[in-house]
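Visitor: Using the hints provided, position chain B relative to the given structure of chain A.
These protein sequences, in sequence, are chains A and B.
With the UniProt record's numbering applied, the first sequence covers 1 to 241.
With the UniProt record's numbering applied, the second sequence covers 1 to 241.
Hints listed in this document are in silico derivations from the structure and should not be mistaken for laboratory results.
Warning: the hint list may mix true and false statements.
Unchecked claim - Cut-off 25 Å, straight-line C-alpha distance, at most; resulting in silico cross-link-like pairs (BS3-like, lysine-lysine): (1) A:LYS205 <-> B:LYS205; (2) A:LYS236 <-> B:LYS157; (3) A:LYS236 <-> B:LYS205; (4) A:LYS190 <-> B:LYS190; (5) A:LYS157 <-> B:LYS157; (6) A:LYS190 <-> B:LYS236; (7) A:LYS190 <-> B:LYS201; (8) A:LYS236 <-> B:LYS4; (9) A:LYS236 <-> B:LYS194; (10) A:LYS205 <-> A:LYS190; (11) A:LYS201 <-> A:LYS190; (12) A:LYS205 <-> B:LYS201.
If you want the building blocks of each chain, they are given just below.
There are 2 protein chains.
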Amino acid sequence: MQNKVRIVLVNTSHPGNIGAAARAMKNMGLADLYLVAPKQYPSPEAVSRAAGATDILDNAVVVDSLEEALADCQLVIGTSARERHIPCPLVDPRQAVDLVFEEQLETAFVFGREDRGLTNEELQRCHYHVHIPSVEDFSSLNLGAAVQVIAYELRMKGLLIADAPVVAPKWDVPAATVEQLDFFLEHLEKVLTKTEFLDPKAPRKVMTRFRRLYQRAQLDQQEVGMLRGMLTAVEKCTKVD
Amino acid sequence: MQNKVRIVLVNTSHPGNIGAAARAMKNMGLADLYLVAPKQYPSPEAVSRAAGATDILDNAVVVDSLEEALADCQLVIGTSARERHIPCPLVDPRQAVDLVFEEQLETAFVFGREDRGLTNEELQRCHYHVHIPSVEDFSSLNLGAAVQVIAYELRMKGLLIADAPVVAPKWDVPAATVEQLDFFLEHLEKVLTKTEFLDPKAPRKVMTRFRRLYQRAQLDQQEVGMLRGMLTAVEKCTKVD
Numbered sequence: 001m002q003n004k005v006r007i008v009l010v011n012t013s014h015p016g017n018i019g020a021a022a023r024a025m026k027n028m029g030l031a032d033l034y035l036v037a038p039k040q041y042p043s044p045e046a047v048s049r050a051a052g053a054t055d056i057l058d059n060a061v062v063v064d065s066l067e068e069a070l071a072d073c074q075l076v077i078g079t080s081a082r083e084r085h086i087p088c089p090l091v092d093p094r095q096a097v098d099l100v101f102e103e104q105l106e107t108a109f110v111f112g113r114e115d116r117g118l119t120n121e122e123l124q125r126c127h128y129h130v131h132i133p134s135v136e137d138f139s140s141l142n143l144g145a146a147v148q149v150i151a152y153e154l155r156m157k158g159l160l161i162a163d164a165p166v167v168a169p170k171w172d173v174p175a176a177t178v179e180q181l182d183f184f185l186e187h188l189e190k191v192l193t194k195t196e197f198l199d200p201k202a203p204r205k206v207m208t209r210f211r212r213l214y215q216r217a218q219l220d221q222q223e224v225g226m227l228r229g230m231l232t233a234v235e236k237c238t239k240v241d
Numbered sequence: 001m002q003n004k005v006r007i008v009l010v011n012t013s014h015p016g017n018i019g020a021a022a023r024a025m026k027n028m029g030l031a032d033l034y035l036v037a038p039k040q041y042p043s044p045e046a047v048s049r050a051a052g053a054t055d056i057l058d059n060a061v062v063v064d065s066l067e068e069a070l071a072d073c074q075l076v077i078g079t080s081a082r083e084r085h086i087p088c089p090l091v092d093p094r095q096a097v098d099l100v101f102e103e104q105l106e107t108a109f110v111f112g113r114e115d116r117g118l119t120n121e122e123l124q125r126c127h128y129h130v131h132i133p134s135v136e137d138f139s140s141l142n143l144g145a146a147v148q149v150i151a152y153e154l155r156m157k158g159l160l161i162a163d164a165p166v167v168a169p170k171w172d173v174p175a176a177t178v179e180q181l182d183f184f185l186e187h188l189e190k191v192l193t194k195t196e197f198l199d200p201k202a203p204r205k206v207m208t209r210f211r212r213l214y215q216r217a218q219l220d221q222q223e224v225g226m227l228r229g230m231l232t233a234v235e236k237c238t239k240v241d
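This is chain A alone, in the form it adopts within the complex (with noise of 0.2 Å):
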C-alpha cells in the first residue's frame, strides 16, 4: 500500500533537512522520495542526518520541476499554512492519510520550502490540501518533522487495517494521471481561445478556475477521454480555423 505513496520535497534549501525526511521515511516504512531542484543535493549532510536511510537517498528521484515529479500520480496532496486563501480542500494529517487509503491512488505528499512553503501556482496542481495543525502564531515546521508527522500518520493508518478486510478500490475505471490531466486543459485552453471564450490577452483566471473544478472532480481516464472527444468536436465545428 505505502509503496504508493511518495514524498516530493520541492527546492529545499539544507540537504540536512533532505536526510532527515529520508529518515523519519524509512522509520515509517516509505521508500519513494522525489527532489524537485534540491539547493544543495547530493550532499554529506544529507547522507549524516539520513542515519542510515541511504538507501532512501540512493534512489531519490531528482527533477527539475514540479509536474516531473508528479507525472504518473493521480492524487496529490500539498502542505499548507492554514492562512492561504486557495479554495481548495483542506484537510488535517489524518483525514488525509484516509484520502489516499481509500482512494488507493498513486499519490504524492508535496512538501515546499523551508522558508516559504509551496507557491499558489504548485498549490493549485494540488488535489487536496493538508495542513499540520500548529499554534498559530509559531506554525512553521521543521521540514523533516513535516515529513515525520505525514509519514507516522501513514504508518498508523497502515498497521490499523492490516487486520481489516481489504476494501475494494471505489473506481472501476483507473483515475487520471497529473499527465493526463495537464493534457486536457491543456487541449481545453487551446479550444477556450479559439472560441475566443478565453483572451489569451486578459486571461484572468479562467484556467486556473478550470484547474481547480477539474482536479477536484478526480477525473478518471474515461472521462478524460470523453471531455477530449468533446473538445475535439468543438474543434471540428467552429468556424475559426
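Guide: Below, chain B alone, put in the same frame as chain A:
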C-alpha cells in the same frame, strides 16, 4: 490542558536535537522542557535548530537526575523500543495521549539517549511505555522527530476535545443548486448535440457520465457561470446553426 504535559529529555548528546525538540513543542503548543544531564548545553546549535522557540530553551529546567525531573509528576510515560522486556503497559502514541486526556494528571513524556534510549532502570520509573510504531529493521527515530510525533498527537487530541475543527474547509463562493446544475447539463447536452459529439439517436451514457462527473465536483455558482459562458462561446462559433 497541555500545560500539564512536560517533555523530559534524558542525557541528550546532540544539542541540535534539543533545539529541534523545543521547536516541535512550540509548534504544537507545549511549553515545559526538562533536560536531564544534557551532554552539551546551552549551545548555539540548540538555539539555531530551535528556529525561534528560544523561550522554551530559556525556560528549560536543567537537572542532574531523572528523579528531579519527575518529582512532581503524577503520570510518567517513557518512550521505548518495542523489544524491551519490561513488564509495563505498552501503548502507541495515540493511546498514550488518550491516557493523558483521560487522567488529567501532571504528566511527563520521557525521551532517552539518541543511541541507547532509556535504561531499564529509567523505564521502570514509568507508568506506561509508548512505542512509536516504526518498521522493525529501521526503528530508531531521530529524537526531535520522536518529540514531534508525541507533541503532534497531543495537539490533535486537544483540538478534537476542544471541539474546534482542526481545519475548516472554506468555500468562498456559494455551492451551485441542483437546478443550476440541471440547467447547465441541459445546455451542455444541447451544445454536444450541435457539435455532433452526441448523437441523440444513440446517446449511450454520455450525459449520465457528465452528470456524475460534475456532480462529484460539487460545482460552485461561479464555476457554473463559467462553464455556461464557455458553452455560449462554443455556440456562437459553431458552423451549423
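Visitor: Hint by hint, which ones does this structure get wrong, listed from lowest number up?
Guide: Of the numbered hints, 1, 2, 7, 8, 12 do not hold.
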